[in-house]
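A.B. asks: Next come the chains, spelled out residue by residue.
2 protein chains.
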Amino acid sequence: MSDTDGAATDGLTDLGDGGAGAAEGGGRREGRRARGEGGGRAARQAKRAGAAGKAPAYISRKIGYFEVFDEEGLDLIERNADRVLKEVGIEFRGDEETLQIWRDAGADVRGERVHFEPGMLKQIIQQSAPSCITQHARNPERTVKMGDGHTVLVPAYGPPFVRCLDKGRRYATIEDFRNFVKLAYMSPGLHHSGGTLCEPVDLPVNKRHLDMVYSHLRYSDKPFMGSVTAPERAQDTVDMAKIAFGEEFVDQNCVVMNLINANSPMVWDDTMLGALKVYARNNQGCVISPFILAGAMSPVTVLGTLTQLYAEALSGMALTQLVRPGAPVIFGTFASSISMQSGAPTFGSPEPSLVLYGAAQLARRLGVPFRSGGGLCGAKISDAQAAYEAANTLQTAALGGVNFMLHTAGWLEGGLVMGYEKFVMDADQAAMIGRLLAGPDMSENGQAMDAIFEVGPGQHYLGCAHTQRNFEDAFYRSPLADNNSFEQWDAEGGLDMTARANAYWKKLLQQYEAPAIDPGVLEALDAFVAERKAAAPDSNV
Amino acid sequence: MSDTDGAATDGLTDLGDGGAGAAEGGGRREGRRARGEGGGRAARQAKRAGAAGKAPAYISRKIGYFEVFDEEGLDLIERNADRVLKEVGIEFRGDEETLQIWRDAGADVRGERVHFEPGMLKQIIQQSAPSCITQHARNPERTVKMGDGHTVLVPAYGPPFVRCLDKGRRYATIEDFRNFVKLAYMSPGLHHSGGTLCEPVDLPVNKRHLDMVYSHLRYSDKPFMGSVTAPERAQDTVDMAKIAFGEEFVDQNCVVMNLINANSPMVWDDTMLGALKVYARNNQGCVISPFILAGAMSPVTVLGTLTQLYAEALSGMALTQLVRPGAPVIFGTFASSISMQSGAPTFGSPEPSLVLYGAAQLARRLGVPFRSGGGLCGAKISDAQAAYEAANTLQTAALGGVNFMLHTAGWLEGGLVMGYEKFVMDADQAAMIGRLLAGPDMSENGQAMDAIFEVGPGQHYLGCAHTQRNFEDAFYRSPLADNNSFEQWDAEGGLDMTARANAYWKKLLQQYEAPAIDPGVLEALDAFVAERKAAAPDSNV
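Protein sequences appear in the order of chains X and F.
Residue 26 is where the first sequence starts when you use this note's numbering, and the numbers rise one by one after that.
Residue 26 is where the second sequence starts when you use this note's numbering, and the numbers rise one by one after that.
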């Protein structure tokens with residue numbers, strides 16, 4: 026641990042401020058709203074809690090990583106992965122162009138199965154893949170870095186359902202999608218607008234990506250993710266990004282990240298390959314992610330899973346670099362395990378944590394940013410199971426050194442459900458992670474020797490000069506935790522955290538104000554979406 | 026990460042087995058019981074889940090520590106602590122004998138304030154304090170080690186209230202106390218019976234320690250903690266231990282651990298000093314623990330808090346070594362922070378995590394075992410707040426390298442309440458920590474190359490030979506997590522984790538069978554308790 030630099034100290038203060046603003050939002054603020062009191066100090070504080078406030082755009086880590094393997098262990102995994110790549114090979118299905126790319130690169134292509142000489146993929150990646158990616162946001166103050174100790178916390182991705190305390194579980198709509206864009210925008214602990222925050226199933230499959238990308242650009246100014254469900258939808262994403270950022274800027278800069286999942290074990294399908302090629306060609310970011318439920322899609326052991334996912338990730342990452350050397354790419358993995366009794370996926374348990382720690386080490390050794398983790402859980406509701414499992418995964422991802430933490434907030438039911446209450450609860454945890462990774466303040470003020478000397482044995486620190494100078498930002502303040510006495514908590518209705526979270530996300534949505542957008546850009550986006558929607562009939566494939 | 030040795034692999038397997046037995050205990054087992062089905066496979070499994078099963082007696086860590094400070098940072102804290110010890114000093118109140126011990130050791134004693142030359146206390150400790158403590162259990166198979174990578178997970182300590190889903194929050198009784206002894210005994214993730222699991226407030230203050238120590242010895246065979254509320258109660262504890270273990274054995278071996286809290290900042294009171302001296306003289310273990318709510322009892326910063334608690338811990342630990350060189354002693358700290366708005370203690374937040382990581386490093390550098398952490402929370406009920414906060418603290422304690430993890434299970438409401446549901450939920454987390462710290466299996470079977478070669482691209486691993494060989498113990502199985510589909514969960518009543526935990530602890534208590542005890546020992550314990558109770562009138566001071 027070295028001294029924190031000025032920027033980090035600023036980051037700490039800012040997070041504290043965000044927390045402070047938000048801290049009033051729990052049960053007490055709910056009461057205030059019920060009495061019709063708005064505006065004034067509370068409103069100003071709430072504003073500060075929003076994205077428009079001073080929260081840092083991303084985390085710059087000031088403490089080390091938790092590492093489980095030594096170099097020998099990593100060598101073993103790499104050697105085994107090399108054997109898998111050479112002797113078993115990886116399948117690239119239904120995409121002749123990709124097979125030709127591999128032939129041209131000197132791989133051994135037999136049908137759709139591609140075999141690689143040991144070290145070949147690593148060399149391709151290390152030749153051109155950046156160790157750190159800057160993803161530009163529509164608001165330059167929200168531009169993020171991923172890699173080299175920089176971390177970005179991103180909402181959950183992909184759920185077809187949503188859940189809230191009022192209406193229970195139901196299919197997601199575009200209105201839900203917009204709500205989660207707004208909540209991510211308002212959450213100081215989240216640095217990114219995410220991608221498919223939920224599937225707006227009220228819209229046709231072949232057009233909903235237009236509304237999703239539009240919503241990210243219109244209702245937030247944080248960076249976002251694009252569509253990967255078909256190459257032409259990936260192209261739409263790039264085209265809309267060009268409207269927002271300018272054609273040349275997009276060709277030279279990363280403005281959209283995209284989730285490219287392997288079909289584990291050891292298969293890439295044509296949909297993912299199509300999207301990968303569109304984004305890489307356009308110099309946009311790919312998160313190459315083996316999606317693994319160990320025991321079903323990989324061996325039941327930590328090392329076996331690491332071996333396979335490393336082989337898969339190497340093949341996907343190298344492909345991006347062959348399509349366009351230097352294209353931004355992230356070593357991703359979603360790795361959990363299954364119940365060997367029921368086959369159901371399980372979360373927050375120790376084995377996937379070990380996989381995550383190992384994969385993060387492999388990514389750092391390779392020299393690329395890493396994606397994994399998030400607030401994962403198998404719970405159906407935002408109860409203690411949801412929280413234990415989410416916290417276990419979030420802590421692991423934070424300490425292991427994830428740079429792009431997809432699924433940080435909202436995830437329920439193995440990813441089938443985006444939860445409104447879970448979202449703000451996880452976002453609270455996200456803000457804490459920002460604080461944790463900023464590390465301790467080593468300055469003279471941090472050492473607080475004046476306080477110890479002023480107070481002395483048997484006294485308390487509440488009123489001393491050092492405390493007075495520092496109390497505003499000293500400790501993270503959760504907007505959702507209730508730390509009052511039992512009597513006070515009971516008198517205020519004895520609400521559990523989910524009930525407080527319910528009041529909190531409604532408050533945030535009420536206070537939401539859209540960030541400014543250039544009217545010309547907005548008009549062009551509207552026109553693009555209208556034109557693309559008119560160009561083809563609705564379809565649900 | 027080096028190769029796991031045979032013992033560790035056994036440990037892994039055993040924990041898995043415990044988990045497996047327990048895994049049936051959730052919603053499904055509840056259903057089974059409702060249909061009147063008992064015995065058979067379920068009963069055998071439940072038995073295995075109990076302490077009588079094969080669960081390892083303690084954790085032998087196979088992975089590294091998460092460390093936040095470099096040597097320079099630790100030097101800075103030590104230098105600052107040395108300045109505090111010399112220039113501010115520590116107060117030892119109302120205990121002339123202790124002051125004389127310090128005078129004899131060459132400290133500068135002015136009234137009750139004692140000042141120490143830099144390095145003096147460290148030298149005293151390093152001369153004789155053991156780096157690893159073996160605490161003997163009544164059942165030799167349950168004897169534990171603490172320090173040098175060995176970790177013991179211990180229930181919560183001290184709550185005057187209990188809570189369960191059926192009866193809510195109420196004062197604790199000796200019946201509750203016995204129940205928690207039994208639950209700790211039945212929990213494979215917990216290695217220790219703890220101490221004041223809850224305050225049996227239905228018994229007189231001056232006699233309840235007799236029933237507590239008796240309950241630990243009678244209803245469990247795991248190691249336990251003694252009374253510290255008065256020197257004569259500490260002596261009663263030692264005397265009862267001598268009945269159970271033999272007089273000479275107790276003098277030569279640690280059979281009871283004891284919690285000695287500092288009155289932070291920088292004060293030791295006569296009660297704690299009295300108990301410390303009794304236990305150290307009898308060669309029994311002292312956990313020297315500054316009890317700190319940062320912002321009130323220490324500065325509002327991480328470094329300031331570490332400086333003060335290190336100074337306090339050094340002074341207490343050195344005292345044990347002056348009383349009896351070589352007496353077992355643990356560097357403890359309970360460190361959380363307070364809300365600077367309300368003064369309420371807060372838990373699971375980032376700043377106390379940084380304090381814990383730093384304190385663990387200071388303890389390792391000093392060469393003594395370390396105590397901190399647990400399933401701490403400020404939540405009133407076992408909701409998501411309880412779980413997020415507990416998981417954050419448990420993960421921090423596990424990765425930071427706590428050797429004696431007091432408060433692992435049951436803690437609610439800042440320690441005022443022992444929760445029945447929270448207890449079994451935390452104990453589930455404890456078992457996962459055991460798995461996590463055992464690390465990955467680096468063996469050929471762990472590498473699973475045969476599985477990858479057998480299965481190949483696009484297939485699944487469920488039926489392959491490697492999976493068949495390993496599925497029983499591959500993944501930790503929680504007895505409380507519900508990973509079923511939404512539809513199945515809903516059909517089974519849509520219970521939250523707390524409701525499932527309620528059924529589970531009742532099941533455990535139903536299945537409880539007392540461990541064997543020598544009839545002569547039991548008779549002597551009964552006689553001792555009866556005699557001591559008769560020797561003085563009841564008193565509530």
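These are computed hints drawn from the structure, not numbers from a lab.
Check before you lean on any hint, since a few could be wrong.
Repeated chains share a single entry, so a pair holds when one copy, or any two copies, can fit it.
Said to hold, decoys possible - Below, in silico cross-link-like pairs of lysine to aspartate or glutamate (DMTMM-like), each with a Cα-Cα straight-line distance of 25 Å or less:
| hint | residue 1 | residue 2 |
| --- | --- | --- |
| 1 | Lys192 | Glu517 |
| 2 | Lys79 | Glu200 |
| 3 | Lys170 | Asp129 |
| 4 | Lys111 | Glu469 |
| 5 | Lys111 | Asp475 |
| 6 | Lys267 | Glu137 |
A.B. asks: Check Lys111 against Glu469 for me: Cα-Cα at most 25 Å, and say if that holds within a copy, between copies, both or neither.
C.D. replies: Close across copies (19 Å), not inside one copy (56 Å); limit 25 Å.
A.B. asks: At 25 Å max between alpha carbons, let me know whether Lys170 reaches Asp129 within a copy, between copies, both or neither.
C.D. replies: For Lys170 and Asp129, the Cα distance exceeds 25 Å both inside one copy (33 Å) and across copies (60 Å).
A.B. asks: 25 Å Cα cut-off: does Lys79 pair with Glu200 within a copy, between copies, both or neither?
C.D. replies: For Lys79 and Glu200, neither the intra-copy (28 Å) nor the inter-copy (53 Å) Cα distance is at most 25 Å.
A.B. asks: One pair to classify: Lys192 and Glu517, alpha carbons no more than 25 Å apart. Within, between, both, or neither?
C.D. replies: Cα proximity of Lys192 and Glu517: in one copy and across copies (23 Å, 20 Å).
A.B. asks: If the cut is 25 Å between Cα atoms, do Lys111 and Asp475 qualify within a copy, between copies, both or neither?
C.D. replies: Classified as between; 15 Å across copies, 63 Å inside a copy.
A.B. asks: Given identical chains, is Lys267 near Glu137, meaning Cα to Cα at most 25 Å, within a copy, between copies, both, or neither?
C.D. replies: neither (34 Å within a copy, 74 Å between copies)
Checked against the numbered hints above, the structure violates hints 2, 3 and 6; every other hint is satisfied.
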